[in-house]
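For chain A, the structure is supplied; the task is to place chain B with the ligand on it using the hints.
One letter stands for each residue in the lines below.
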Amino acid sequence: MEKLSILTAAAKYDVACTSSGSDRKGVRGGLGNTVGMGICHSFASDGRCISLLKILMTNDCVYDCKYCANRHSNDVARAAFTPEEIADLTINFYKRNYIEGLFLSSAVIKNADYTTELMCQALHLLRYRYKFNGYIHTKAIPGASPELISQLGLLADRLSVNIELPSQEGLKLLAPQKSKDSIIKPMRQIASQILQSRQEMVVYKSAPSFAPAGQSTQMIVGATPDSDYKILSLSQSMYQKFSLKRVFYSAYVPVGSHPNLPALTKPPLLREHRLYQADWLLRFYGFSASELLSEAQPDFNPLLDPKCDWALRHMDQFPVDVNSAPYDMLLRVPGIGVTSAKRIRIARRTGKLDFPTLKKLGIVLKRARYFVVVDGKYLDGVSMSESFIVQNLLGDASMLPALGNGAQQTSLFDYDDVAMLPSAKTFPPINPAEESVKCITGEL
Amino acid sequence: MHNGGALKLVYTYDGSFEGLLCAVHHAYYEHQVPDEILCEDGLQRDLMACYVAVDTDKTKSDAVYFSIPKRISANALQTAYRVFLSEAPDKATVIYQYLRLGYSLGKKVDYLLDNDWVLRAQKISRYVGTEAHRLAGLLRFSQMTGDIYYAAITPVNNVLELLCVHFADRMPSQPWVICDTGRKTAAVYDTRRWEVMRVDALALPDYAKGEKEYQRLWRGFYNAIGIESRRNEKLRQKLMPKMYHKNMTEFWLD
Ligand code: SF4
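If you're matching them up, the sequences are chains A and B in order.
Take the position in the first sequence, starting the count at 1, then add 48; the result is the number in this note's numbering.
Each step along the second sequence adds one to the number in this note's numbering, with nothing skipped, and position 239 is 234.
If we strip away everything but chain A, and leave its shape as in the complex, we get:
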């Protein structure tokens, strides 16, 4: 019991907790399935989705990364699970529907290979003795041999190697035993094995699948002086080069003091939130990092979300006409999300749209009204000057969004469209009152 608390508390800063990305039916005689859209089993006191049993094999680390609570020089209680204990706990939690699967990570015990072997053993027990068919995400330990990483990949749904720090200098300063190379190498290997396995599966259905839910990574935000632009550009290049499924951002939570660490009292949650918003824009809205930020403007505007900020710098491209704007452009309108843009695209096939119809479709015009027109007219019929728009949007922005990245991870919603879900308790009336529509995450 105590062991579980120690090894959970030690794992909790890792944010990747989605179980999405795999879609596998249950099998007779086995236990478990995976569901494409992901299922949240509970929500922790910080509002984050709990989907996986997120634990460390051990927190007894031979390394000494300054930002990490498990570092060798830190004086904390140490504990370790055996592979059997991990498997037993996973199965029993899974059957009680506490969790959707396992997220196994570990500090480095003895060396990277030894640690990875232990993790492989736990996964092997689960997959073969217990016939566990549910979701497993594991961390690949930087420095482990390619053979072991490939074994791990054949047992897990998703693998991740955490970048942790967005720059080489940061690593040198705070994680001297790790190098950029030891992190990038396994990422590259995993990316190429995933690709190879996909190709083989096309040819032979029964080819073993290697990490079918792909690869992800995590970066700590705020432990080094790296700018948002640097972080976002890095994410973009990793999405492209290693076809990563997700990059997670984790606001640095002070876990100790060291001259090389910034003196923070609170985790930079707003910054983390902006990065998630921008990450969303990269993956689903067709934006690139250099459109959102630049050397001249390396950090996000705390007052405006990245999409709004971009739009205000590109007022020459607005307003757009909802009836004729191409889909890609609709996606760039602040306040219109993927679901809304799709609904507009569908609805305008059967007739011309006007503002009352847009409202009926559940499209929130609070922000979009400054950027869209019907027949050349804004919602209120008046034309608006740029400064008027800026003023109004900044007015809205004074209500900063409720923070916590649980919302981004529920994957039930996408960013702008949270507003379209009916509230939990009441049945939606035919025309929902605009006010009843609230966003958990703030609209883009």
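Each hint can be trusted.
Listed below are the simulated DMTMM-like cross-link pairs for lysine to aspartate or glutamate, each with C-alpha atoms no more than 25 Å apart in a straight line:
#1 A:Lys400 with B:Asp105
#2 B:Lys241 with B:Asp201
#3 A:Lys407 with B:Asp111
#4 A:Lys414 with B:Asp111
#5 A:Lys179 with B:Glu208
#6 A:Lys289 with A:Glu195
#7 A:Lys408 with B:Asp109
#8 A:Lys143 with B:Asp185
#9 B:Lys65 with B:Asp52
#10 A:Lys400 with B:Asp111
#11 A:Lys179 with B:Asp164
#12 A:Lys425 with B:Asp109
#13 B:Lys241 with B:Glu156
#14 B:Lys207 with A:Asp136
#15 A:Lys407 with B:Asp109
#16 B:Lys204 with A:Glu132
#17 A:Lys179 with A:Glu195
#18 A:Lys51 with A:Asp108
#19 B:Lys3 with B:Glu82
#20 B:Lys53 with B:Glu13
#21 A:Lys408 with B:Asp30
#22 A:Lys179 with B:Asp185
#23 B:Lys103 with A:Asp376
#24 A:Lys408 with B:Asp85
#25 A:Lys390 with B:Asp111
#26 A:Lys314 with B:Glu228
#27 B:Lys204 with B:Asp185
#28 B:Lys55 with B:Glu31
Everything labelled a hint here was simulated from the structure, so no lab data went into it.
Using the frame of chain A, we list chain B with the ligand on its own:
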């Protein structure tokens, strides 16, 4: 479109999905457009309405049932059924109007996003789907003696069947029972098929050995995983409304 005079035309059905489909059938063949379709149970009769009680007949309901995917879309059938699982007071009328439009428009009915009926049908259906999805995560089983896994739920909508589909796939080799304690119905799965039955009193066996210990471990995990400096009670409340807490292990006391 009123059928004779100022009287409202109201169909009544027996409260089953089949019964409702028969009402759709009746309207179609009688060339009538009822203003409302209501369940017979708890009906409050209005003096200014004319009531037609529609009988439930398996051949007729089957005819309608199979025609929906053929003439409208599989999606429309799912939408109609999910609306039926809701507790919306006007659900039968919504389903009827939605299907009526569907029969004239085919699968395009779901593009008619500015129609009030279509919109309402889709909204209620999404609401039911969302609750089922949510409960697929928040439902908690306990292991009972005899290796039966038991869970109690009290959902707003009647999502029990939707959950059965999910859990039969998730734990195919494990017998389980899910009981909707509010509606007094229970689904029993015996590793081959599941069946929903009415239960007035359920005689529960005791917890299996070790069950309490796993519950404690889970609470330990739950309490250890939150990050104190990011505490956000409002967000947690929003994502996991209080109404679900009483059936969840993490909120029970040791
Ligand atoms: S190797 Fe991992 S567990 Fe060990 S100190 Fe570094 S970050 Fe922490």
